[in-house]
Amino acid sequence: MKKRIAMRISAALVAAATLFGVAACGNSTATSSGDGSSSSELLFGGDSGSPTFVRNFNPFSTSKRIGINFMYEPLEVVNAIDGTSTPFLATGHKIVDPQTIEYTVRDGVKWSDGTAFTAKDVVYTFNLIKKNAALDTLGVWQHLDSVESSGSTVTFHLKTADVPAVTIINQQLIVPEHIWTKVSDPVKWTNENPVSTGPYQLDTFTPNQYTLKKNTSYWQKDKVAAEKIVLPASNKQLDLVNKGYDWAYSYMTNVDKTWVGANKQHNHYWFPPGGTVSLFPNLTKAPYNDVNFRKGLSYAIDRSKIAKDAEEGYVEGATQTGLLLPNQEKWINTSIANKGNIDQDKSTALDYFAKAGYTEKGGKLVDSNGTQLVLNITVPNGYTDWLRGVQTLQSQLSALGISVKLTQPQPAAYTQAQNNGDFDLIVSSFGGSGSIFQDYNNLLNSEFALPVGQSTTANFQRYKNDDTDKLLAELKVATSESDQKKIVDQLQSVVYDQVPVVGMFYGGLWGLYSTKKFTGWPSADNPYAPPSTWTQANLLIVTNLKKA
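Counting in my numbering, the sequence shown runs from 575 upward without gaps.
There may be inaccurate statements among the hints.
Subject to a maximum C-alpha distance of 30 Å in a straight line, what follows is the list of computed DSS-like cross-link-like pairs (lysine-lysine) [claimed, not checked]:
(1) LYS838 x LYS859
(2) LYS1059 x LYS1044
(3) LYS704 x LYS668
(4) LYS733 x LYS1044
(5) LYS1050 x LYS1038
(6) LYS979 x LYS859
(7) LYS762 x LYS684
(8) LYS920 x LYS879
(9) LYS938 x LYS904
(10) LYS920 x LYS935
(11) LYS694 x LYS788
(12) LYS756 x LYS705
(13) LYS694 x LYS756
(14) LYS704 x LYS1050
(15) LYS979 x LYS935
(16) LYS979 x LYS929
(17) LYS979 x LYS733
(18) LYS668 x LYS1060
Okay, the calculated beta carbon distance ranges per label pair [claimed, not checked]:
(19) GLN965 x THR933: 24 to 30 Å
(20) ASP830 x LEU1024: 55 to 61 Å
(21) GLY944 x PRO672: 54 to 60 Å
(22) LYS668 x ALA860: 49 to 55 Å
(23) THR780 x LYS668: 42 to 48 Å
(24) ALA986 x GLN839: 39 to 45 Å
(25) LYS838 x ASN950: 44 to 50 Å
The hints are simulated quantities; they were obtained by calculation from the structure and are not laboratory data. We put the beta carbon where it would ideally sit given N, CA and C, even for glycine.
Using the sequences and the hints, build the whole thing.
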């Protein structure tokens, strides 16, 4: 379940939990490090078979191998931790105006077959996904009108003034025109022998394990420390601990004892927040459409206790501003007390519930007819940490005299209920895209507030407010950070004052790493990339690592 929050970041993908495991690895001529892999190999618990691997390296495919993120590159890599971007196939971009963006393509880059990379490859890639909509997994052409190149400059013309579109354009992986023009069906093609520009190429492949080797013609090869990356199909938690993994993604109970305890000198972890796990009220129903009722819920809960019980204290309770902290620290509205963190206050909660028509009587919170308040909360089956958090919330609300019932559908049924608005209160998450606009837009834009029964991809609570829509529209065209900050301050106040969702705790990105063979991993002290294993930020990590 742990991968799901971050996978919602781009294109609302939801993944179930994956606990990784491993087989032994070899085929190396380098000196052995004594842990099953060589001192120059990086043992990577980031891809998993079902139970074995299918050889699919089509970077547009929904069933692609994770290894493509070490082979293909975008124009710029976005760090979802703070939203900053690092130039890769482009040396940078310029926002000519809110409807026009120019990129300068990097000189001296070659495809792994020796062919020169040019701006024409960029234009070709974007037109390829326009022609084949199934390949447009980022929804780029929802924003684009046209793309053209002149020399080393690629110009993107947007459909409307749309400054945040740059973050989405940045992330599109680029493919070689001279290879893909020969493909009859690019949607179904599995691209078994990928030609790419990135730091690694496909080396060996079996159903149980594949390896990547260093691309010796890579444009920044001097920054790439690991000669090979080894990707087993099975990555069990016990094997992560016992078989010397260098990098993996897994939630572990008592990580200090299990992972760190296995090698106190070298094993480390970083669990930064990757999304805000929240209670989404159905705003089309009473009493959830009453802001006083929602404020009552907000003040009734102890977020710190919920976070501790849900995630063993690895993450913090969430702010009620919609910000992901500390990731988005610079955006904090200083006029909101305590950075938007709300402490549990039962007296204040009861005051707000009273305004919504519910009062205490005989140890129960009842309406004007004396009927006890009953809350139905939906949480997906198998999301054990979310369930632990909700059980704590259930206990806290029960202490106020509220009856709380839990519904636990299987993930597919849960997703359908969430998207269709078939719930009273549902546990879900938002944020973590790396784009402050995208985070608030997905939470608040009324364009997503479709009638109950119709499936939507965001704003599951169906929040609608014309003034908020205007703020989002202003943020979409704001080019200066100072102007953006003023608008974001107001959006924080919307979430804090109107409580469209009740933030509970942050969902962690469960990064495990070892410094035995390689150093320079992202961490709380050096958050240059998220520690997750399935994104383009892998490029940032492998070009920052150094041999120990």
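Flag every earlier hint the structure violates by its number, smallest first. 1, 9, 17, 20
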